[in-house]
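Those protein sequence lines, which keep their order, are chains B and W. Here the first sequence is numbered in full-length UniProt numbering, starting from 1 and rising by one per residue. Here the second sequence is numbered in full-length UniProt numbering, starting from 1 and rising by one per residue.
Don't take every hint at face value.
Pairs of lysine-lysine residues, derived as DSS-like cross-links and limited to a Cα-Cα distance of at most 30 Å, are as follows [as the list claims (entries may be wrong)]:
(1) B:Lys12 - W:Lys83
(2) W:Lys83 - B:Lys68
(3) W:Lys55 - B:Lys30
(4) B:Lys30 - W:Lys94
(5) B:Lys27 - W:Lys162
(6) B:Lys39 - W:Lys94
(7) W:Lys94 - B:Lys150
(8) B:Lys30 - W:Lys83
(9) W:Lys123 - B:Lys150
Hint data in this document are derived by calculation from the structure and do not stem from the laboratory.
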Amino acid sequence: MALSTRHLLGIKDLTPADISLLLDTAKQFKEVLQRPIKKVPSLRDVTIVNLFYENSTRTRISFELAEKRLSADTINFSASGSSVSKGETLLDTVNNILSMKVDMVVMRHSASGAPHFLAKHIPASIINAGDGINEHPTQALLDAFSIIEKFGTLNGTRVAIIGDIMHSRVAQSNIYLLTKMGAEVVVCGPPTLIPKYIDQAFNVRVEYNLTKALEWCDVANVLRIQLERQNQVLFSSLREYSLVYGINKRILDSLEKKITIMHPGPINRGVELDSDVADSDQSIILQQVENGVAVRMAVLYLLAGDRNSS
Amino acid sequence: MKSLLNAQHIQLTIKRLANQILENHIDPAQTVLIGIQPRGIFLSDRIAREISAEKGDAVFPYGKLDITFYRDDLRNELHVPNKTDILFSIEGKKVILIDDVLYTGRTIRAALDALMDFGRPQKVELMVLIDRRYSRELPIQPDYTGKSIDSIVTQKVKVLWKERDGNDEVVLMD
Numbered sequence: 001m002a003l004s005t006r007h008l009l010g011i012k013d014l015t016p017a018d019i020s021l022l023l024d025t026a027k028q029f030k031e032v033l034q035r036p037i038k039k040v041p042s043l044r045d046v047t048i049v050n051l052f053y054e055n056s057t058r059t060r061i062s063f064e065l066a067e068k069r070l071s072a073d074t075i076n077f078s079a080s081g082s083s084v085s086k087g088e089t090l091l092d093t094v095n096n097i098l099s100m101k102v103d104m105v106v107m108r109h110s111a112s113g114a115p116h117f118l119a120k121h122i123p124a125s126i127i128n129a130g131d132g133i134n135e136h137p138t139q140a141l142l143d144a145f146s147i148i149e150k151f152g153t154l155n156g157t158r159v160a161i162i163g164d165i166m167h168s169r170v171a172q173s174n175i176y177l178l179t180k181m182g183a184e185v186v187v188c189g190p191p192t193l194i195p196k197y198i199d200q201a202f203n204v205r206v207e208y209n210l211t212k213a214l215e216w217c218d219v220a221n222v223l224r225i226q227l228e229r230q231n232q233v234l235f236s237s238l239r240e241y242s243l244v245y246g247i248n249k250r251i252l253d254s255l256e257k258k259i260t261i262m263h264p265g266p267i268n269r270g271v272e273l274d275s276d277v278a279d280s281d282q283s284i285i286l287q288q289v290e291n292g293v294a295v296r297m298a299v300l301y302l303l304a305g306d307r308n309s310s
Numbered sequence: 001m002k003s004l005l006n007a008q009h010i011q012l013t014i015k016r017l018a019n020q021i022l023e024n025h026i027d028p029a030q031t032v033l034i035g036i037q038p039r040g041i042f043l044s045d046r047i048a049r050e051i052s053a054e055k056g057d058a059v060f061p062y063g064k065l066d067i068t069f070y071r072d073d074l075r076n077e078l079h080v081p082n083k084t085d086i087l088f089s090i091e092g093k094k095v096i097l098i099d100d101v102l103y104t105g106r107t108i109r110a111a112l113d114a115l116m117d118f119g120r121p122q123k124v125e126l127m128v129l130i131d132r133r134y135s136r137e138l139p140i141q142p143d144y145t146g147k148s149i150d151s152i153v154t155q156k157v158k159v160l161w162k163e164r165d166g167n168d169e170v171v172l173m174d
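One chain only, chain B, in its complex shape:
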């Protein structure tokens, strides 16, 4: 048993069997993380560089912890304070790092496709930790893992993805993963933040009314409004967005069933989620973060193994 790919560039390239293997393996790593000694020697001879060209808290810490818990050696690189500011190209930077014998690259970049470009030019395994508005595969995997933990299966589970679908790599990876695994997906947000032909490109339904989307779903995955990626005015003000698409306790209490709230972080409290929702017992936001480490351990483990045969 092995993955059908030697890089994790996006959920797009994975088969349902790959996704199941990753999630099943993550379950065993979650058990490891509950032991008195939360560390296994699996990747003792593997060196991993974390290449972060864009800010990150959760993802970087989560990857670093996953690497340490697998006993891998790690190097952290962030673009600020490096020779990138002197004009070194991405390929030159990575090749210089690889010449110091690095086996895997975890990369976040603000340009969509940056990890795909690297994968074509270097021999190491590449893991995409978020590229522009394209994909964030490990986030989708940990979201799926958290849904399975809560509902037992993805098949037939109703997931509403709410907010800035247009600029969200989390939304795109989630849509690929959920539809491949048989979940039902609705995307919800203002028309300016939902790509026009999304319901034809993917097997998803579009819903502009927040209450209707929430009434329909089992899980609401609420996205952050990414002001840094918007270069034109797509809604009049944050206040107006929050009035129409913000989720508060009043809306949740008006629903017939208790739905589960997820958020990839960081939360804009009072914009897409009110604090009393984010901190309620319906929210599994912190469980998502916890599961992130186990899921990333599974990704690293499955990509590091079997390197001789590839």
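Given the coordinates of chain B, assemble chain W onto it according to the supplied hints.
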């Protein structure tokens, strides 16, 4: 293909092994049984059942250990992990590790490393159904053996279990 043990032999052997444990481990509070995933657990399931049939409620705590993440051959072959299920402390306990076949000793090396991450046992013993003698690559020997056999590297020993393979049998394949 040669049959080494049939269903009846296996049943008798398991009874004997269970009784050997009971003979050496009087206090059930001090001893725990741990089966090694994936194929050792069929033997450990039977041993645990045999002991509880013999002793009633005073049985040893019983867990399952997956050693995939501790293997030394990750680079050659990728293994899919199984469930580890040890819901008790092994600190200061006598641990009996149970596996179906002892061959090079590398699985047991990995199991010992894995076990130490759960605590410091007072003592670790090893029980196997089949001991392939003279094939060890590490200095590891069993404390309880169902049957010792002589075999060469090109041969394979397969333990079949009713629960999984349809019948109980141990076979030697060329």
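Hint by hint, which ones does this structure get wrong, listed from lowest number up? 3, 7, 9
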